[in-house]
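Novice: Please model the entire structure based on the sequences and the hints provided.
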Amino acid sequence: MKIENYLTKILNDALTHLNYGEANIDIYLERPKLEAHGDFSSNVAMLLPAFAKKAPRKIAEEIVEALSYDPNIIEKVEIAGPGFINFFLGMGYYQSSVKDILDAGIEFGNSDWGAGRKIQVEFVSANPTGPLNVVSARAAAVGDVMVNLFNAVGFKGYREFYVNDAGRQIRLLGESVSARYMELLDKKEDLPEEGYHGEYVKDIAREIIEQDGDKYVRLPIGDRQEQMGQIALTKMLESQREMMDLYGVNFDNWYHESELRKQNAQEQVLQDLKEKGYIFEEEGAVWFKSTEFGDDKDRVLVTQDGNPTYFLIDIAYHKTKYDRGFEKLYDLWGPDHHGYIARMSAAIQAMGYPGDSFQVEIIQQVNLLRSGEVIKMSKRAGKIIEMQEVIEEVGVDAARFFFVNRKITSHLDFDIDLAKKQSDENPVYYLQYAHARICSILNFAHEKGVDPDEDARLDLLKEPEEKNLIAALLQLPDTISKAATSLDIHILPNYLHDVASVFHRFYHYHKVVSDDVELSKARLALVKATQIVLANGFGILGITAPERM
RNA sequence: GCGCCCAUAGCUCAGUUGGAUAGAGCAACGGACUUCUAAUCCGUAGGUCGAAGGUUCGAAUCCUUCUGGGCGUACCA
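For the working numbering, count along the first sequence from 1 and bump the result up by 12.
Worth flagging that the hints you see were computed from the coordinates, not collected in a lab.
All values reported here derive from a predicted model rather than from experimental measurement.
If a hint is listed, it holds; no wrong ones were tucked in.
Pairs of lysine-lysine, DSBU-like flavour, derived with a Cα cap of 35 Å:
| id | residue 1 | residue 2 |
| --- | --- | --- |
| 1 | 130 | 309 |
| 2 | 433 | 214 |
| 3 | 45 | 70 |
| 4 | 301 | 130 |
| 5 | 474 | 460 |
| 6 | 21 | 168 |
| 7 | 301 | 340 |
| 8 | 474 | 14 |
| 9 | 111 | 523 |
| 10 | 214 | 200 |
| 11 | 494 | 432 |
| 12 | 433 | 247 |
| 13 | 494 | 474 |
| 14 | 88 | 111 |
| 15 | 309 | 274 |
| 16 | 432 | 523 |
| 17 | 419 | 331 |
| 18 | 200 | 227 |
| 19 | 247 | 199 |
| 20 | 274 | 331 |
| 21 | 88 | 474 |
Specialist: Here it is as structure tokens:
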């Protein structure tokens with residue numbers, strides 16, 4: 013039985029025994045910040061004065077008097093402050109937990125709460141019209157970790173990248189590349205006003221010349237632009253895939269907008285919404301009554317000149333997600349899209365899907381810092397720091413760690429100098445060092461002929477640093493479930509930092525491998541359990557667990 | 001104007017249904033290697049939780065107003 017359940021049960025029994033059961037108090041157990049306040053604390057006595065017509069401390073005394081428990085599990089119970097009941101767990105509980113962790117192994121921390129339900133996270137989905145930027149890097153790390161977390165709590169999580177490979181922007185890309193292509197061949201062709209001006213456009217044009225020479229010059233301009241658009245698209249997509257691969261994010265699916273258009277998927281959506289009465293025409297355009305579902309204003313689905321809007325295609329896209337059997341959809345969008353949430357959510361509901369089956373998380377912006385200064389970026393001037401530059405400079409582990417180590421709703425200051433520092437100023441190494449240290453200990457012990465084994469005398473673990481370490485390890489399952497359900501993914505790296513910290517302290521005060529073989533084995537078991545927790549956590553974060561540093 | 005995000009130590013940030021003396025890391029200062037990795041550990045210092053009200057036994061946390069910063073408010077994608 014989980015220790016929290018045990019404590020809740022004995023408290024409930026005591027309340028019943030004292031005839032306080034009818035007050036219907038929800039038992040809430042808290043982990044006190046101070047060690048002097050025990051391992052768990054309950055405030056039940058402070059919730060009862062109105063019902064019992066007694067002072068909270070008096071009630072606490074009654075409850076403690078009425079408690080009946082196993083002294084191996086609970087060492088002592090104290091009343092403190094205004095009426096807190098503090099539980100101090102016995103060492104026996106902690107000792108046996110080490111074996112539980114070793115037995116669970118790579119499964120430790122996981123649960124089957126999600127019951128195998130299919131959920132999807134769509135993220136990055138950057139336009140294939142330019143290199144990935146830093147916000148994409150943040151979104152990629154966050155989305156990847158989210159899916160890992162969902163899988164850890166028993167869902168079947170899918171990663172999807174939506175590829176906007178159709179429509180106006182691809183046309184503009186083709187026109188831009190074509191113009192640069194001609195320019196490089198000393199011919200004249202205007203770069204469209206709203207086209208793409210970045211250096212990478214020239215690079216693509218150059219590559220095309222290297223591959224195919226000047227054969228496109230002879231084509232009519234329209235054909236050339238069209239073909240250049242497709243070539244550029246293929247190249248951009250390829251580089252995005254390589255980038256994600258390098259970054260360790262493996263999408264289960266890259267869904268192409270062009271597929272939707274080929275199938276005329278938007279027609280079905282229009283038909284469906286029309287039948288449900290959410291469509292009207294005005295000034296030659298087709299509108300969706302999104303205001304009926306809380307949007308600020310109604311939205312256009314088909315423009316005056318008869319083209320489907322991006323929004324309409326996007327609705328059709330989201331419909332396919334439900335058609336493909338996903339029960340819950342998460343979209344990770346950039347901060348510039350939050351105005352878009354209300355209309356998409358309205359569309360989901362209009363199509364008859366539950367409003368809470370669709371959830372958008374806004375991944376807030378990233379400020380890149382170098383030498384303590386925010387790097388100003390301007391799309392127009394083509395001064396964008398690309399994801400690739402950052403990854404190459406600071407490395408995958410550091411980048412991913414920095415991106416998930418913060419609340420996703422908060423703006424993120426990414427200090428490039430700090431992230432690439434291979435020193436104690438860099439928090440990534442603090443965690444990884446703990447793991448490397450563990451590997452080193454296990455190797456050392458192995459050379460001495462001592463290995464952790466099944467029959468380690470765990471009852472020899474009695475030191476406070478050992479207790480604190482075990483207590484920290486035991487919080488992995490809760491941390492994972494909490495991170496998964498609240499989407500506060502940053503609590504996982506925070507937690508792992510705690511584990512590393514408690515481990516380093518334990519290491520400092522106690523020799524693991526000593527002449528006392530029995531004690532060495534017990535401590536090796538504890539070290540091994542720590543390794544499991546760190547490695548499982550690193551796995552979810554997608555950072556490596558180095559064996560030496 | 002309206003909407004969203006943010007404001008906690010010098011810096012970057014935690015702070016779990018409202019709980020006990022608001023915590024880490026870095027930076028600063030002082031210590032600890034004859035040892036399984038000193039990329040570590042220990043200690044000191046550092047705070048009007050942006051401001052003002054309110055709710056109550058109790059507020060960084062909930063409510064209102066205000067200030068300051070970021071972003072958004074397309075028949076673009």
